[in-house]
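Undergrad: Spelled out, the chains give:
There are 8 protein chains.
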Amino acid sequence: MSNVPYKRLNKDDAVVLLVDHQTGLISLVQDFSPNEFKNNVLALGDIAKFFNLPTILTTSFDSGPNGPIVPELKEQFPDAPFIARPGQINAWDNEDFVKAIKATGRKQLIIAGVVTDVCVAFPTLSAIAEGFEVFVVTDASGTFNTTVQQAAWARMSAAGAHLLNWFAVACELQVDWRNDMEGLANLLSQRLPNYRNLINSYTKFTAK
Amino acid sequence: MSNVPYKRLNKDDAVVLLVDHQTGLISLVQDFSPNEFKNNVLALGDIAKFFNLPTILTTSFDSGPNGPIVPELKEQFPDAPFIARPGQINAWDNEDFVKAIKATGRKQLIIAGVVTDVCVAFPTLSAIAEGFEVFVVTDASGTFNTTVQQAAWARMSAAGAHLLNWFAVACELQVDWRNDMEGLANLLSQRLPNYRNLINSYTKFTAK
Amino acid sequence: MSNVPYKRLNKDDAVVLLVDHQTGLISLVQDFSPNEFKNNVLALGDIAKFFNLPTILTTSFDSGPNGPIVPELKEQFPDAPFIARPGQINAWDNEDFVKAIKATGRKQLIIAGVVTDVCVAFPTLSAIAEGFEVFVVTDASGTFNTTVQQAAWARMSAAGAHLLNWFAVACELQVDWRNDMEGLANLLSQRLPNYRNLINSYTKFTAK
Amino acid sequence: MSNVPYKRLNKDDAVVLLVDHQTGLISLVQDFSPNEFKNNVLALGDIAKFFNLPTILTTSFDSGPNGPIVPELKEQFPDAPFIARPGQINAWDNEDFVKAIKATGRKQLIIAGVVTDVCVAFPTLSAIAEGFEVFVVTDASGTFNTTVQQAAWARMSAAGAHLLNWFAVACELQVDWRNDMEGLANLLSQRLPNYRNLINSYTKFTAK
Amino acid sequence: MSNVPYKRLNKDDAVVLLVDHQTGLISLVQDFSPNEFKNNVLALGDIAKFFNLPTILTTSFDSGPNGPIVPELKEQFPDAPFIARPGQINAWDNEDFVKAIKATGRKQLIIAGVVTDVCVAFPTLSAIAEGFEVFVVTDASGTFNTTVQQAAWARMSAAGAHLLNWFAVACELQVDWRNDMEGLANLLSQRLPNYRNLINSYTKFTAK
Amino acid sequence: MSNVPYKRLNKDDAVVLLVDHQTGLISLVQDFSPNEFKNNVLALGDIAKFFNLPTILTTSFDSGPNGPIVPELKEQFPDAPFIARPGQINAWDNEDFVKAIKATGRKQLIIAGVVTDVCVAFPTLSAIAEGFEVFVVTDASGTFNTTVQQAAWARMSAAGAHLLNWFAVACELQVDWRNDMEGLANLLSQRLPNYRNLINSYTKFTAK
Amino acid sequence: MSNVPYKRLNKDDAVVLLVDHQTGLISLVQDFSPNEFKNNVLALGDIAKFFNLPTILTTSFDSGPNGPIVPELKEQFPDAPFIARPGQINAWDNEDFVKAIKATGRKQLIIAGVVTDVCVAFPTLSAIAEGFEVFVVTDASGTFNTTVQQAAWARMSAAGAHLLNWFAVACELQVDWRNDMEGLANLLSQRLPNYRNLINSYTKFTAK
Amino acid sequence: MSNVPYKRLNKDDAVVLLVDHQTGLISLVQDFSPNEFKNNVLALGDIAKFFNLPTILTTSFDSGPNGPIVPELKEQFPDAPFIARPGQINAWDNEDFVKAIKATGRKQLIIAGVVTDVCVAFPTLSAIAEGFEVFVVTDASGTFNTTVQQAAWARMSAAGAHLLNWFAVACELQVDWRNDMEGLANLLSQRLPNYRNLINSYTKFTAK
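Chains as they are written, first to last, in UniProt numbering: chain A, 1 to 208; chain B, 1 to 208; chain C, 1 to 208; chain D, 1 to 208; chain E, 1 to 208; chain F, 1 to 208; chain G, 1 to 208; chain H, 1 to 208.
Keep in mind that the hints were calculated from the coordinates and are not lab data. Warning: the hint list may mix true and false statements.
As the list claims (entries may be wrong) - Examples of chain G residues lying across from chain A (beta carbon under 8 Å, computed):
no.	residue
1	Thr23
2	Gly24
3	Ile26
4	Ser27
5	Pro34
6	Lys38
7	Asn39
8	Pro71
9	Met181
10	Ala185
11	Asn194
Unchecked claim - In silico DSS-like cross-links for lysine-lysine, where the CA-CA straight-line distance does not exceed 27 Å:
no.	chain 1	residue 1	chain 2	residue 2
12	D	Lys7	G	Lys102
13	B	Lys7	C	Lys99
14	H	Lys74	F	Lys204
Said to hold, decoys possible - Simulated DEER-style distance windows between Cβ atoms:
no.	chain 1	residue 1	chain 2	residue 2	range
15	G	Thr104	A	Thr146	41 to 51 Å
16	D	Glu72	A	Thr203	12 to 22 Å
17	D	Pro78	G	Glu72	47 to 57 Å
18	C	Thr203	F	Glu95	28 to 38 Å
19	C	Asp176	F	Asp79	25 to 35 Å
20	H	Lys74	A	Thr203	51 to 61 Å
21	G	Glu72	A	Thr206	17 to 27 Å
22	G	Thr146	C	Asp12	25 to 35 Å
Built from N, CA and C at the ideal position, the CB exists for glycine as well.
Start from the sequences, fold in the hints, and give me the full structure.
TA: As C-alpha cells, then:
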C-alpha cells in the first residue's frame with residue numbers, strides 16, 4: 001500500500017557515513033546555526049559510538065582550503081576507516097569508500113555531511129541505485145541556505161531515501177530503553193539541554 | 001491514477017491513539033507555542049469524545065523524568081485503555097498497545113503524540129506495514145523544531161501516512177453539520193476563538 | 001517515467017469550483033494576509049470569466065455565522081450554478097454540486113476555497129477518486145496557519161492533485177499571448193501591481 | 001541618568017483598561033494566532049481579578065459590525081464600568097471613560113486592546129500627555145500585522161509608554177510569591193501550559 | 001515626562017506628501033508584497049481625499065528609468081501640486097516642494113514614499129530640523145528589504161519623527177465615527193477586506 | 001526500489017535552457033533577494049560555459065514590457081541559439097525551441113527561468129512527458145513569493161522532475177576535482193564569497 | 001550629545017549576576033533554541049571565570065517546580081554568593097542579593113537570567129534607579145517568545161540599560177588580545193564553533 | 001524638539017572606516033547571506049571611491065586565524081592608511097587608527113565592519129564620546145545572528161549613532177543626481193540588480 005516500505009534501522013545492519021565535516025567547508029553552512037549544527041553532528045557521533053556501529057569517515061581535499069576534518073570526529077573515531085578522497089566529489093566514486101562500506105556487510109547506510117546537496121545527496125543517490133537503504137540524518141547535514149536544503153531533501157526523498165533526524169536514529173536503534181537506560185539517558189542529556197533539565201529536576205525532587 | 005487512494009475517515013472504523021503527551025516530554029516541543037499545542041491536543045481529545053471513538057492512551061516511563069500524562073487527557077478518558085510502556089520506544093512494540101487497537105476491530109488509526117519524529121513516526125510506520133490506514137494529526141504532534149518536524153512528515157508521508165490537522169479530522173468524521181450542529185459548533189467554538197467570535201457576532205446581530 | 005503524468009489545463013475541458021469563500025469563514029484565514037488573499041481569489045474569478053469557464057459556486061450554511069458568499073464573487077457570476085449546501089461539509093457529498101459539475105461534461109476541476117484542509121481537500125480527494133483531474137489553486141485557498149496549509153497540500157499532492165497558483169492557471173489556459181494579448185495583459189495588470197508598473201513604464205517610454 | 005525612570009507597578013495605584021476586545025474587531029488581528037491572543041487577553045483579565053484592580057471596559061460601536069465585547073470579559077467583570085462609546089475612536093475623548101479612570105484615583109494605567117495602533121495607542125498617548133503612567137500590555141493587544149505592531153510600539157515607546165507583557169504585569173504586582181503562592185501558581189498554570197507541566201511533574205515526583 | 005510629546009494629527013493642520021511612488025522605483029520594494037504595498041499607498045490617497053487634506057506629489061527623474069508616477073495617484077490628485085524634481089534627491093532641497101508645503105500654512109506633514117531610507121527619510125529629517133511635525137506612514141513607504149527598513153525607521157524615530165500606519169492616520173483624523181460614519185466605513189471597507197467582511201456579515205444578519 | 005531512479009548529470013548529455021530571464025520579468029521575482037538571484041543565474045551561466053554545455057536562450061515578448069534578456073546572459077552566450085518567442089507561453093510550444101534542443105541530441109535538460117511556476121514549470125512538464133530527464137535549477141528560477149515557489153516545486157517534483165541547485169549541478173558535472181581543479185575553484189570563488197574566503201585564507205597561511 | 005553616554009565595561013568594576021537559570025524555568029524559554037541558549041549561558045559563565053569577575057547566583061523557589069539551578073553553573077561557581085530567594089520575584093527586593101552586590105564595591109552590573117521580562121528586567125530597572133550601570137546580556141537571557149523578548153528589551157533600553165551579547169562582553173573586558181591571547185582564543189573556541197574551525201584550519205595550514 | 005538632530009552627511013566632512021572585513025572573520029557572519037553581505041561591503045567601497053572620501057582600513061590579527069583583509073577592499077584602496085592592529089579589539093584604542101582619522105580633519109565617521117557588536121560598536125561608542133558624528137552602515141556590517149544584530153543596533157542607537165544603509169549613504173552624499181548622473185547610475189547599477197534592470201529596460205525601449 002505504501003510507496004516506501006518501512007525499513008527499520010537495526011544496529012546489526014547499520015553503518016554510519018560521515019562525509020566532509022571539515023573545518024573549512026562547515027563555514028559554508030547557513031541552514032543551521034553553528035552551535036546547533038555542531039551539537040547535531042557530535043550527537044550522531046555519540047550514537048555511532050554508543051551502538052558500536054561501524055563508522056566511516058571521508059574528506060574532500062583536506063590538505064586544501066576545505067580544511068581538515070573537525071578534530072572532535074577524528075578523536076571520536078581514531079580507528080575508523082578514514083578515506084581522504086584525492087578528488088572524487090561523490091564519495092561513492094571512490095573505490096576505497098565503497099569497499100569500506102561493503103566490508104561491513106551491512107545494508108543500512110546512515111549518512112550525514114557537508115554540504116547536503118552534494119556530499120550527502122550524491123552518495124545517497126548512488127547507494128540507493130545499488131540497492132542500499134539510505135537514512136539521511138537531515139540535522140547533521142548542512143548547506144548554504146534553506147532553499148538549497150529543501151531542494152536537496154526533495155531530490156533524495158523522491159529517490160527513496162529515508163529522511164530523519166539524529167534523535168530518531170538513536171531511538172530507532174535503541175528499540176527499548178531497558179537495553180541500556182543509563183547509557184541512552186546520558187547520551188541524550190549531553191545533546192538535549194531540555195532533556196537534561198528534566199532529569200535534573202527529577203533527581204532533585206525525588207531525592208527529597 | 002493517484003498514488004495514495006483517498007481513505008475517508010469513518011467514525012465507525014476509526015480509533016484514536018494518544019502517544020506520550022507527558023508533562024516532561026512536552027517541554028521538549030518547540031515547533032508549536034505551548035498554548036497552540038495544548039489547544040490542539042485538547043481539541044483532538046474533544047473530537048474523540050464527541051464521536052465516541054475508542055481512544056487508547058500510552059506513555060513512556062511515566063514514573064521517570066518524562067513525567068505523567070497531562071492530567072486533562074487522563075480526565076477526559078478515565079476508562080480508556082492506558083498502557084504505561086515499561087521501555088518500548090515504538091509503542092507498536094508493546095503487545096498490550098497493539099492488542100488494544102486490534103480489540104477495537106478498527107482499521108483507521110488517528111494518531112498524535114510527542115515527539116513527532118519518534119513517538120508518532122515509529123508506530124505510524126509499523127502500523128502501515130501491517131496494513132492499517134494511519135492518519136497523523138500533525139498539529140497535535142510536537143517536536144524539537146520545524147526542521148525535525150519537516151523531516152518526520154516527509155518520512156511518514158513517503159510511507160503512505162495521511163497528514164492532516166485536527167480540524168480536518170473533526171470535519172471528515174462529522175460528514176454533515178446536520179448530524180449534530182450544536183455539538184460540533186460547541187466543540188469548534190471552544191478551540192477556534194475566531195469561530196467563536198463569528199458565532200457570538202451572529203447571535204448578537206440576529207437577536208436584535 | 002513520471003508518477004503524475006502532465007495533465008495540461010485546457011479551456012475547453014476545465015470547470016472552476018469556488019467553495020465557501022464566505023464573509024465569516026474568511027476571517028479564519030491566516031496563511032495569507034487579507035489583501036493578498038482577496039486579490040488571489042478575485043484573480044481566479046477574473047480568469048474564469050476571461051476564459052468563459054463554467055463556474056460553480058457553493059457555500060456552507062450561509063444563513064449562519066459562516067456568512068454569505070463574498071459579494072464580489074456573486075456579482076461576478078450572477079448566473080452560475082450556486083449551491084447553498086444545507087449541511088454537507090464535503091461539497092462532493094451534495095448531489096446538486098456534483099451534478100452541476102458533471103453537467104458541464106468537463107474533466108478538469110480547478111478548485112479553490114476556504115478552508116484549504118477541509119472545503120478544498122475533501123472534494124479534491126473525492127473527485128480524484130472518481131477519476132477527475134483536480135488542479136488546486138493554492139493561493140486562492142486559505143486556512144488557519146501555514147502548518148495546516150502544508151499538511152493539507154501534502155495530503156492532496158500525495159493523492160494525485162496538481163498544486164498550482166492562479167497565475168499558472170491563467171498562463172496554462174491562455175497558451176499563447178496572441179490569443180488575446182490585450183485581454184490577458186489587462187487581467188494581469190489588475191492583479192499584479194508590479195506587472196502593471198512594467199506596462200506603465202513601457203507605455204511611457206515608448207510614447208516618447 | 002535614565003530617560004524613562006522606573007515606575008514600578010503597584011496594585012494600589014493601578015487600574016486596568018480593556019479597550020475594544022470585540023468579536024468583530026478581533027477578526028482583524030493577525031500579529032498573534034487566535035489562540036495565543038485569546039489566552040493573553042484572558043490572562044490579563046485573570047490578573048485584574050486576582051489583584052482586585054479596578055477595571056474599565058469600553059467598546060466602539062458594539063451594535064454594529066465591530067460586534068459585542070467578547071463574552072468572557074463581560075462575564076469576568078459584570079460590575080465593572082462599561083463604556084459603550086457612541087463614536088469616539090480615541091477612548092480618551094469619551095468623558096465617561098476618563099471620569100471612570102479618574103474616579104479610581106489611580107495614576108498607573110495598564111492598557112490593552114484591539115487594534116494596537118489605534119484603540120491602544122491613542123488613549124495611551126493622551127493619558128501620558130495628562131501625566132499618567134501608562135503600561136501597555138503588548139501581548140494582549142493585537143493588530144493587522146507585525147509591521148503595524150512595530151510602528152505602534154515605537155510610537156508609544158517614544159512618547160514614554162512602558163511596554164511589557166501580561167506575565168510581567170502579574171509578577172510586578174505580586175512582588176513576592178509569599179503574598180499568595182497558591183493563587184498566583186493557579187493563575188499562571190491556567191495560562192502557561194509549560195508552567196502547569198512543571199507543577200504537575202513536581203507534584204507527581206514529590207508525592208512518591 | 002515623555003521624550004516626544006503627543007502631537008495629535010489634525011485635519012486642519014495636516015498636509016500629505018507622496019514622494020516618488022514611481023512605476024520603476026516601486027520594483028525595488030521588497031519589504032512589502034506588491035499587493036500589500038499598492039493597497040497601503042492607495043489607502044493613504046483615499047485618506048487624503050476623504051479629509052480634503054492638501055496633498056503634494058513629487059517625483060525623481062520621471063522621464064528616466066525611475067518611471068512615471070503610478071497613474072492611480074495622478075488620477076486621484078489631478079490638481080495637486082506636482083513637483084517633478086530635476087535632480088534633487090532630498091525633496092526638501094527642491095524649493096518648489098518646500099514652497100508648496102509652506103503655502104498650505106500647515107505644520108503636520110504626513111509623508112510616505114519610495115524608498116523609505118532615502119526619499120522618505122531625507123525630507124523627514126530636514127523637515128523636523130525646520131520645526132515641522134512629521135508623521136511617517138510606514139506601511140505606505142517601501143524599500144529594499146526589512147533590514148534597511150528597520151535602520152531607516154530607527155534613524156527617523158531617533159530624530160523625533162512619529163511612526164505610524166495608514167489606518168492610524170485615518171482614525172486619528174476622523175476623531176469620531178459620527179463625523180461621517182458611512183464615509184469612513186466605505187473607505188475602510190475598500191482597503192481592509194476583513195473589515196468589509198464584517199460589514200457584509202452584519203448587513204446580511206441584520207437584514208433578516 | 002526508488003520511485004525516481006537516480007539520473008546522474010553528464011556533461012556529454014546535458015543541455016542548459018535559460019528561459020525568460022528578462023529585465024522586466026525579473027522585477028516580479030520576490031522569493032530571492034535581487035542580489036542572490038542575480039548571482040545564482042550568473043553562476044548557472046558560468047557552469048554552462050565551463051563545461052561547454054550547449055545552451056539555449058529564449059524570451060517572451062522581449063520587445064514589450066517584459067523587457068530584453070539581461071545583457072550579462074546575452075554576452076555570455078553570443079552564439080547560442082536565441083529564440084525570441086512571438087507569443088507561446090510554454091517554450092515547449094515553440095517549434096524552434098524544441099528543435100534547438102533536439103538538435104543537440106542530448107536528453108538531460110538543465111532548466112532555469114522566470115517565473116518558476118510558468119516559464120520553468122510548463123516546459124519542464126512537457127519535456128518529461130516526451131521522455132526527457134529534467135533537472136530544475138531551483139535557485140536560478142524565481143517567482144512571486146515562496147508560497148507560489150513551493151506549489152510549483154511540488155507540481156514539478158510530482159511529475160518526475162529533479163530539483164536541485166546550481167552548486168549541485170556544477171559538482172555533479174565535474175565528477176572529480178582533478179578534472180580541472182583551478183577552473184572549478186575559480187568558478188566557485190566568484191559565486192560563493194565564503195568559499196573565496198577559504199581560498200584566500202589558505203593562500204595567505206600557506207604562503208608564510 | 002548622546003542620550004546614553006558610553007560606559008565601557010571594566011573588569012575591575014564589573015560584577016556578574018546570574019538570575020534564575022533553573023532546570024524548570026528554562027523549559028519556558030522559547031526565544032532561543034535549547035542548545036543555543038545553553039551555549040550562551042555557559043559562555044557568560046566562562047567569561048566571569050576568565051576575568052575573575054565577582055559573580056552572584058540567585059534562584060527563585062528552587063525547592064519547588066522551578067527546579068534547582070542548572071548544575072553547570074553551580075559547579076562553575078562553587079564559592080560564589082548563592083542567594084536562594086524565599087519569595088521575592090525581583091531579586092533586588094532581596095536584601096542579601098543587593099548586599100552581595102554592594103559588597104563588591106562595583107558599579108557595573110552584567111546581568112542575565114530567565115525569564116528576561118521579569119527576572120532580568122525587574123532588577124535591571126531597580127538597579128538603574130539606584131545609580132548602577134546595567135549591562136543586559138541579551139543572548140544569555142531567555143523568555144517565552146520573541147514578542148515578549150522585544151517588549152522587555154524596549155522597556156530596559158528606554159530606562160537606560162545597555163543591551164549587548166556575551167561576545168561583546170568578553171571583548172570589551174579583554175580590551176587587547178595581548179592581555180591573554182591563548183586564554184581568550186580558548187574561551188571563544190569552546191563557544192563559537194566557526195571560530196574554532198578558523199583556528200583549526202589555521203593550525204593545520206601553518207603547520208605544513 | 002528632536003533628540004538626535006539631523007546631521008546630514010557631507011562629502012567634504014566624511015571619512016570611511018572599514019573595520020576587520022577579514023577572510024576568516026567573515027565566516028562568522030550569519031545575519032546576511034554571504035552574497036548579500038559581499039555586495040553591501042563592496043558597494044560601500046564603491047561609494048568611498050566615487051566621492052573621493054578618505055578611507056581607513058584596519059584589521060585585527062591578520063596574520064592569525066582571522067585571516068587577511070578581503071583582497072577586493074585592499075585592491076580598491078591601495079594607498080589608504082591600513083592599520084593592522086597588533087591586539088587592540090576596539091580600533092579606537094589604537095593610536096594610529098585615531099590619528100589617521102584626525103589627520104583628515106573630518107568629523108563625520110561612516111563606519112562598517114565585522115562583527116557589528118564589537119568591531120563596529122566599540123569604536124562607534126568611543127568616537128561619539130569624543131564628539132564625532134558616527135554613521136553606522138548597518139548592511140555592510142555583519143555578525144553572528146539577528147538577535148545579536150538587534151542588540152548591537154539598539155546599543156549604538158541609544159548612544160547617539162545614526163543607523164543607515166549604504167544606499168542612503170550614497171544618496172545623502174550625492175545630494176543631486178545632476179552632480180554626476182552617469183557616475184551614480186553606474187555605481188547603483190553594479191550593486192542593485194533591479195535598478196540595473198530598470199536602466200536596461202529603459203535603454204531598450206527608448207532606443208526604439
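Undergrad: Taking the earlier hints as the rules, which of them does this structure contradict?
TA: Numbers 9, 10, 16 and 22 - these are the hints that the structure violates, sorted from lowest upward.
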